[in-house]
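Enquirer: So the chains spell out like this:
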Amino acid sequence: MTAVQVAILIVLAPLLQGSMHSLRARLSGRPGPPVLQPYRQLRKLASKEAVVASNASALVSAAPGIAIGVSLTLALLVPPLIHRDAAVVDVVALALTIALGRFMLVLASLDTRSSFAGMAASREMLFAGLTEAPLILALAATTLVHDTLSRILAAAAIVLVMLSETARIPVDNQETHYELTMVHEGLLLEYSGWQLAMLQAAAYVRQASFFVLAATALPGPPIAVAAWLAFLAVLIPVVERCYGKMRFFEVPQLFASATLLAVAGLGLRILGVAF
Amino acid sequence: MAAFPELRVEFGPTLLAAPFFALLALVAPAVILSVLRRERIGHLPLLVVFVLSMAAVLLAQSVAAFALAWEAMTLASAFLVGTYHERRAVRRALFSYLLVGHIGAACIITSLALLGAHAHSYRFADIARAASSLPADLRVAAVVLGLVGFGSKAGALPLQFWLPRAHPAAPASASALLSGVMLNIAVYGLLLQCLLFAAPLTIPLALTILIVGMITSLTGGLFAAVETDLKRLLAYSSIENIGIVVSVLGFAALSMACGMPRLAALAVLALLFHAIAHGVFKSLLFLAAGDVLDAAHTSDLEHLGGLLQAFRFGAPAFFVGCLAAAALPPLSGFAAEWLIFQAFLHGLATASLLLQMTSVLAIACLATASGMASIAFIKAFGVGLLGAPRSTHPRAPQRFNVAAVAPAWLAVVTLALGLAPALALRPLLALATTIIPSAGMGMPDVPPVPVWIAALPVAGAIGALLLARRRGVRSVETWTCGSPATARSQYTATAFSNPVRILLGALTHSFIDDAARNVAAVVQRLARRARILQAGHVRVYLAYMLVTLVAVLVIAR
Numbered sequence: 001m002t003a004v005q006v007a008i009l010i011v012l013a014p015l016l017q018g019s020m021h022s023l024r025a026r027l028s029g030r031p032g033p034p035v036l037q038p039y040r041q042l043r044k045l046a047s048k049e050a051v052v053a054s055n056a057s058a059l060v061s062a063a064p065g066i067a068i069g070v071s072l073t074l075a076l077l078v079p080p081l082i083h084r085d086a087a088v089v090d091v092v093a094l095a096l097t098i099a100l101g102r103f104m105l106v107l108a109s110l111d112t113r114s115s116f117a118g119m120a121a122s123r124e125m126l127f128a129g130l131t132e133a134p135l136i137l138a139l140a141a142t143t144l145v146h147d148t149l150s151r152i153l154a155a156a157a158i159v160l161v162m163l164s165e166t167a168r169i170p171v172d173n174q175e176t177h178y179e180l181t182m183v184h185e186g187l188l189l190e191y192s193g194w195q196l197a198m199l200q201a202a203a204y205v206r207q208a209s210f211f212v213l214a215a216t217a218l219p220g221p222p223i224a225v226a227a228w229l230a231f232l233a234v235l236i237p238v239v240e241r242c243y244g245k246m247r248f249f250e251v252p253q254l255f256a257s258a259t260l261l262a263v264a265g266l267g268l269r270i271l272g273v274a275f
Numbered sequence: 001m002a003a004f005p006e007l008r009v010e011f012g013p014t015l016l017a018a019p020f021f022a023l024l025a026l027v028a029p030a031v032i033l034s035v036l037r038r039e040r041i042g043h044l045p046l047l048v049v050f051v052l053s054m055a056a057v058l059l060a061q062s063v064a065a066f067a068l069a070w071e072a073m074t075l076a077s078a079f080l081v082g083t084y085h086e087r088r089a090v091r092r093a094l095f096s097y098l099l100v101g102h103i104g105a106a107c108i109i110t111s112l113a114l115l116g117a118h119a120h121s122y123r124f125a126d127i128a129r130a131a132s133s134l135p136a137d138l139r140v141a142a143v144v145l146g147l148v149g150f151g152s153k154a155g156a157l158p159l160q161f162w163l164p165r166a167h168p169a170a171p172a173s174a175s176a177l178l179s180g181v182m183l184n185i186a187v188y189g190l191l192l193q194c195l196l197f198a199a200p201l202t203i204p205l206a207l208t209i210l211i212v213g214m215i216t217s218l219t220g221g222l223f224a225a226v227e228t229d230l231k232r233l234l235a236y237s238s239i240e241n242i243g244i245v246v247s248v249l250g251f252a253a254l255s256m257a258c259g260m261p262r263l264a265a266l267a268v269l270a271l272l273f274h275a276i277a278h279g280v281f282k283s284l285l286f287l288a289a290g291d292v293l294d295a296a297h298t299s300d301l302e303h304l305g306g307l308l309q310a311f312r313f314g315a316p317a318f319f320v321g322c323l324a325a326a327a328l329p330p331l332s333g334f335a336a337e338w339l340i341f342q343a344f345l346h347g348l349a350t351a352s353l354l355l356q357m358t359s360v361l362a363i364a365c366l367a368t369a370s371g372m373a374s375i376a377f378i379k380a381f382g383v384g385l386l387g388a389p390r391s392t393h394p395r396a397p398q399r400f401n402v403a404a405v406a407p408a409w410l411a412v413v414t415l416a417l418g419l420a421p422a423l424a425l426r427p428l429l430a431l432a433t434t435i436i437p438s439a440g441m442g443m444p445d446v447p448p449v450p451v452w453i454a455a456l457p458v459a460g461a462i463g464a465l466l467l468a469r470r471r472g473v474r475s476v477e478t479w480t481c482g483s484p485a486t487a488r489s490q491y492t493a494t495a496f497s498n499p500v501r502i503l504l505g506a507l508t509h510s511f512i513d514d515a516a517r518n519v520a521a522v523v524q525r526l527a528r529r530a531r532i533l534q535a536g537h538v539r540v541y542l543a544y545m546l547v548t549l550v551a552v553l554v555i556a557r
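Which chain is which? The protein sequence lines are A and B, in order. Residues 1 to 275 in the numbering used here are what the first sequence lists, from first letter to last. Residues 1 to 557 in the numbering used here are what the second sequence lists, from first letter to last.
Don't take every hint at face value.
To be verified - Partial list, derived from the structure: chain B residues whose beta carbon lies under 7 Å from chain A:
| # | residue |
| --- | --- |
| 1 | Ser-489 |
| 2 | Gln-490 |
| 3 | Tyr-491 |
Said to hold, decoys possible - Where chain B lies over chain A, by a calculated footprint (3+ residues, C-beta under 8 Å):
| # | stretch |
| --- | --- |
| 4 | 20-30 |
| 5 | 50-63 |
| 6 | 122-135 |
| 7 | 194-202 |
| 8 | 258-267 |
Treat the hints as calculated values from the structure; they're not laboratory data. No residue lacks a Cβ here, since even glycine has one placed at the ideal position from N, Cα and C.
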């Protein structure tokens, strides 16, 4: 059953990205790319040759593979949609596996000697350092608390962390083409061809896994998970349409809010309040 | 000697010292190997003395033996710290080390003497037996003095300021022992105090230890994240890890005070594993940093970089050490951090309000500290070794010799502890259930550390490398908007951690350092005043001895 779910998650991950991308474009009054564009993009990139910075070490070539491995592990770790109460996510392993993928990608970007990559690396690591606490607390809350309000609070914290992990407004902007403002895309600047395809596929699967995490955290019967997934897939483009990017040094406030939400979710349980 | 039972010197093996002995046995051979080179062999005698003195501390079974061994350890390490005493900074570091070391020793001896006076025996076994009948005020005094004494040696706040100066000042092999083993010996002392001699701790005492540990870990992590000198970065990271260990000790004591011996045993298991894992990978990192220093003639990250070629034997070991220090799977740091998080998560699932609230706080602290450690170690490896050289100083390529084996050996241990944590966890679990009374039942098995989590990423890395070889990649110059890509176009260490500095800069202004400087100034002024006593006349000294003798006789009458 798990294998089927992981397979579905991997196959549909680019579709999730494509549908959100085109919805966001429509909301902004542009026709936008077709929903299946990410699949075409991956196919096109996969057939192209990869260009690597000269004198770069083997880390640069290994990092895309590690990213794929990390995303597949995540897809395996997220709770199954069908028997969601039976499975408890290994919260810590999940967070530290994400950290492993990021560590390698950031090292690879520093190895390329590009100052844009270095800038992105530095920003990415600040965000990473500050999202670890809300992520672990929120995931711990989803495994421990079962009342509606606590789960909503924990899910909100997960969604805020997800905005950072998936490079979305107000933390980052996937559609930017301006190196100085890039965070996550900046790390990938020196990648091209099939290596970039690997990194993008990994990013899609990671995004889909986070969606599943947030959706399973939300309250309701198992069947509601699909509805929550659809809700999140609409909510995030709407948020991206309505808000601009935050100033870099204001983003930590967002993570502080995420931490507070997660603590509040746990706090309701600690104080014995149930809604 | 029978007339002075308090001076009885006893040595012998104990259960609690065993893991620390194992750590010493893993690290000491590597350190000795690392000095088997012509330019370093001079450090060997002192290193051997230092190792033996640490072993003596672990074997001490009476207060006097402990005090003697502790002093020997402090002095041996002080000579190592002062190896390069021609430099003024080293002399200052040595001074602050000795100052804090002796304040700490005074606290430790007072604390042990108080406990011994209560037990009417200065043998450790008797002190431990008398622990349950300790009056409340004596327990508080003993634990607080012990926390100050052992905490100052371990680098716990607020007496941590000597550590980032003294550890990097010593030669790399000595730094490896100082950070990797001696700090853990101090942790051993704290464990003795909290788990045996003054157990069970009350809730306020346990909370104090927990909070000291959490603040220490956050401060150490933050300073490591913004530091630009490789050896100082490693020293700050030691402070962070010791803070984590101390906070888990506080958590163990707290869960015991709340009547949860099983949780306490899990926490003790986690903290012992973390202490060993940290000891091994930190020694590895310091030894590798010493080799970096030899290859590049500087440990300033702003002038490092591009060392993968020159530093070909040490670089893989250094990489393993950085991954372990950032708590990434599948290395020992990951297993340790996973275990600690499990203890906190179990605390979250208990029914005790206090435990739940402290668990939330502890999880947030540990996660943030480990995030800061990631920043620090990405900087250490990414800026220190990768990229292009940032200085034009010629780099001598590392030649293979017996000293190059030392970091490799520690890297193998780090990998083994990460891949098969049960090897160490099984004996440690037996130890934890023996030390924590009534935890024996219900700790059925070693917690299953999810080592498999790294399988897919490792497979992915191998796959991507094979694919890159088969499909081929074209290599071109990095795009830097048309200008040539030079070493200057890379990001620097300062720039890399600048966001952290801007965001949390107010916290990195160290009030403790200022206070310590003032204290040191006062001590030096007093020392200068006291010089009047040293008149240089034999008659005056004889008079001192006479006065002392009379005073002793009057007091001891």
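Enquirer: It remains to establish, for every hint, whether it holds in the given structure.
Expert: Each hint tested on the structure:
1. Ser-489: This hint holds: B/Ser-489 lies near chain A, its Cβ roughly 5 Å from the closest one there, short of 7 Å.
2. Gln-490: holds (5 Å)
3. Tyr-491: holds (2 Å)
4. 20-30: Answer violated; 0 residues pass the 8 Å Cβ test.
5. 50-63: holds (count 13)
6. 122-135: Coverage by chain B holds for the stretch 122-135 of chain A (11 residues, Cβ < 8 Å).
7. 194-202: Result for this restraint: holds, n = 3.
8. 258-267: holds (count 4)
In the structure shown, a violation is registered for the earlier hint numbered 4 alone.
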